[in-house]
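Number of protein chains: 2
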Amino acid sequence: MSEIAQKFAPLFNPKSLTLIGASANSYKWGSVILSHIIAGHFKGKVYPINPREKEILGLKAYSSVKSLPETPDLAVLVIPSPSVPQVLQECAKKGIKAAVIVTAGFAEIGAEGGKLQEEVVNIARKNGMILVGPNCFGIISTASRLCAIMPPLLPKPGPFAVVSQSGNFGVSIAQRLISKGFGISKLISYGNEADLHCEDYLEYLAEDSETKVILSYVEGFKDGRKSFETAKKVTQRKPIVMLKAGYTSAGARAAKSHTAALAGSDAVFNSVCKQAGIIRVRDIDEIFNVGTALLYQPLPRGKRVGILTAGGGWGVLGADACINAGLSVPQLPEETIKELDSLLPSWWSRGNPVDLVAGVFGKDVIKSAEAMLHCAAIDSLMLLNLRPVLPKGAWLLSNENSVSREQLKAFADTVAEVFEQLVGLLAKYGKPIIIASEFGSGYIDAQISRLAVQKGIPYYPLPDHAATVLSRLAEYGEYRARLSPHSSSMLEPRYQDSKN
Amino acid sequence: MSEIAQKFAPLFNPKSLTLIGASANSYKWGSVILSHIIAGHFKGKVYPINPREKEILGLKAYSSVKSLPETPDLAVLVIPSPSVPQVLQECAKKGIKAAVIVTAGFAEIGAEGGKLQEEVVNIARKNGMILVGPNCFGIISTASRLCAIMPPLLPKPGPFAVVSQSGNFGVSIAQRLISKGFGISKLISYGNEADLHCEDYLEYLAEDSETKVILSYVEGFKDGRKSFETAKKVTQRKPIVMLKAGYTSAGARAAKSHTAALAGSDAVFNSVCKQAGIIRVRDIDEIFNVGTALLYQPLPRGKRVGILTAGGGWGVLGADACINAGLSVPQLPEETIKELDSLLPSWWSRGNPVDLVAGVFGKDVIKSAEAMLHCAAIDSLMLLNLRPVLPKGAWLLSNENSVSREQLKAFADTVAEVFEQLVGLLAKYGKPIIIASEFGSGYIDAQISRLAVQKGIPYYPLPDHAATVLSRLAEYGEYRARLSPHSSSMLEPRYQDSKN
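One line per chain: the protein sequences are A and B, in this order.
So the first sequence is numbered by this note's numbering: it starts at 49 and just counts up by one.
So the second sequence is numbered by this note's numbering: it starts at 49 and just counts up by one.
Pulled out of the complex, with its shape left as it was, chain A reads as follows (with noise of 0.2 Å):
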């Protein structure tokens, strides 16, 4: 085991743990995390602290650290914050090497705060113990069946790492991941960061096997320059997504009420992000949207794009929103043009944005397609509005209320078969193929995107969403060459758990 994988074990992989503040008061935090801990089915022993209870929950409650019958990897701790230190050097007596803190009101309350966080600070380092927090919601580290996290969360295992500073914002990541049917690595809310910083958990995260792809959310750094020589060694490996909140003059002010976190300058950040590869995105759609199609698009090898789209309007905002987002969409060479000559009516556009005019219907459209992806002159394809590559008839679907239940499930192999033919592109081409689109039936579109995450295909509703994260991915793409300029291959394999 490498040193940062030992360092980190007991907190990630730990075979006990004492949750200290337990309570029998399903109102309070100390009770719901403990019913997080066991929902979650935690594989290791717990040992619930509370010195007035017996037992909390089903679990022997004991009076205090000292009082366990062995010494647990890990402690959470949800005390008020004045008790904090003294049942942290408890801990350390114990021989315990890794403590969570929960509770709030360090340094984020000022200057009083703060001296407590140093003081904690003082009895972790000085006993060997790293701690998370405090002012946060906890971890989750699946591998473990570990769930020591206020809201309940109980992900499946899976290729994304949630790194946040806010804990809402950790736990909205999450829930998304979720509730799309992605699982996810480990979820970490670490708060004020006072000992281990965000650097620390990224270099851990390089490591860990069970982590694709980092999501990370920052109010800012403890230690800028350390941060940036860390990320540039990880974004070498596998892609940071990072959302930097307080970039401006009143959320960075937020930002230090929060978690006491100085936000710094916007385009130094910017630069940063640029030198040390890493993928800055701006709100919580794009995080998760770039962040996802990481997982199972190849990058890009430039920016140029190809649009295929059923609707001149949709082609129109496409191409805007490629520029915007520092795309290009190129004129299209004429053996291309020949080729979508003999697949196109007559009247087409003969331009990029190929528009599918209202008469091009089921495989023409996976054929123009090929024609697009095989073209030298573009990078990626965006596909909009999915409407034609389903018979005519299939319009009438829109209004589920008045089809039957065969009539969706005939659209929903319709659409299942389309997918199989992206996928089968996308291999052939190894160029990254993303669509949007919008049904405006909750029903159907719900499950368009769960068949883009079984596939692999990424589905948003809006051309903006697609453009973005093509900008995204091909950054990334550019950095990587330029690292490794002679490699045939600079790609990592295409990930590939049907689990997921």
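Source of the hints: derived by calculation from the structure; they are not laboratory data.
A couple of the hints might just be wrong.
Copies of the same chain look alike in the list, so a pair counts if it works inside one copy or between any two.
Unchecked claim - Lysine-lysine pairs mimicking DSBU-like chemistry, simulated, CA-CA at most 30 Å apart:
| no. | residue 1 | residue 2 |
| --- | --- | --- |
| 1 | K228 | K457 |
| 2 | K93 | K174 |
| 3 | K163 | K386 |
| 4 | K281 | K386 |
| 5 | K386 | K76 |
| 6 | K76 | K415 |
| 7 | K274 | K228 |
| 8 | K76 | K411 |
| 9 | K102 | K260 |
| 10 | K76 | K457 |
| 11 | K204 | K108 |
| 12 | K322 | K281 |
| 13 | K204 | K457 |
| 14 | K228 | K503 |
| 15 | K174 | K55 |
| 16 | K93 | K270 |
| 17 | K114 | K141 |
| 18 | K280 | K415 |
| 19 | K260 | K163 |
| 20 | K204 | K174 |
| 21 | K76 | K141 |
| 22 | K415 | K274 |
Please build the complex by placing chain B on the supplied structure of chain A, with the hints as guidance.
Okay, now just chain B, sitting in the frame of chain A:
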């Protein structure tokens, strides 16, 4: 009836119509459109024309315009483009006063199509006939239950007019409205706008009493100056929310081959919007979000936003989003801080955003919201993360598979109560209240969305959405205030139709 209402009456309130190019083959548009006219329960008489059929979809078919037993108010043409001039001439001879030409293959395909289009316009104008299209999806007018349109949209009557140069875009936005429970007054897909231009529709809709908010998608203007003058008059009566596509070089190129539109300079268009009071938006999410917020929310008196957040991370993102959108997040005056002191735990941040921290639930959230709303330094309230308005136990509801129908019902009741209280605050203070929150559960998020529409409190997944909407509302509010600076209330009464 005003002159303009009279001019448009045969189009939007026809007593009878003929569908030229009607078909018995359900895979032809001439059949699809007829089926929508029938399914929409059009109030008037319908005359399908097809020389080879005796009856289509149960209606007697006619061989030509000449052979119709009466003169219909409206003709809808779905015939190949080369035949359009001759048939339109026959319509004119018959005395028909309005036509919708669905057929494509006119100015958008080049010089030859341009000539054909000119011919068609000349016939119409010589004969006092108005024309929608060509190269469009058709129209909907719910007052006449007229659904003469390619996709199967059967909206209920309601306050939104959708005027779109792109058929697909018009359909996308209409489907969003329908799926969220909103009604539509008119939908116009105007394509090449050969005869009637965008400004003609705007002029008509300004007078149309069924229309409260105009949602417009534009690729270019035939007559920029006239469009501007018209819009300037319209926006004094009701808002125009406009998505201008083709604002990049690639988008403009696509627009030209789509609807023969000349996109023009983006900067010029921006300043035109400012001068004419047009609310310019950037994507489908935005046109929907801003449009629906305008329906229910008062216009804010300024750009100063109070943010009430459960969770600091959401607050940081919200503050960033506000500044980014051109709003401000001012410090709160001493008396408001004091008022909040009595409601929040001692360690609260005493800043804006107001972070409820992890200890405030239920009624104190609503009281905190009220404290901010009656603060004179705040023009609107952004409420981030709805969770804490619920009792702690409700956290568990985010995993709907593990809870009973009864628990979900209890949850829904609690949320309904919160919305009811917010509606009360809205009425009392006349300042916009907008929520951004996400439960990560499709079922629960859909339930809350439905409630939000019913109660008229906008509810979006992300702070960015909320900030964009507030910013657009504030700009329009300032525009209206500049026009009537002495009016004590420049605001239209909040839309009251409970059927919506």
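Q | Enumerated hints in conflict with the structure, sorted upward | A | Hints 4, 7, 9, 16, 18, 19, 20 and 22 contradicted; others consistent.
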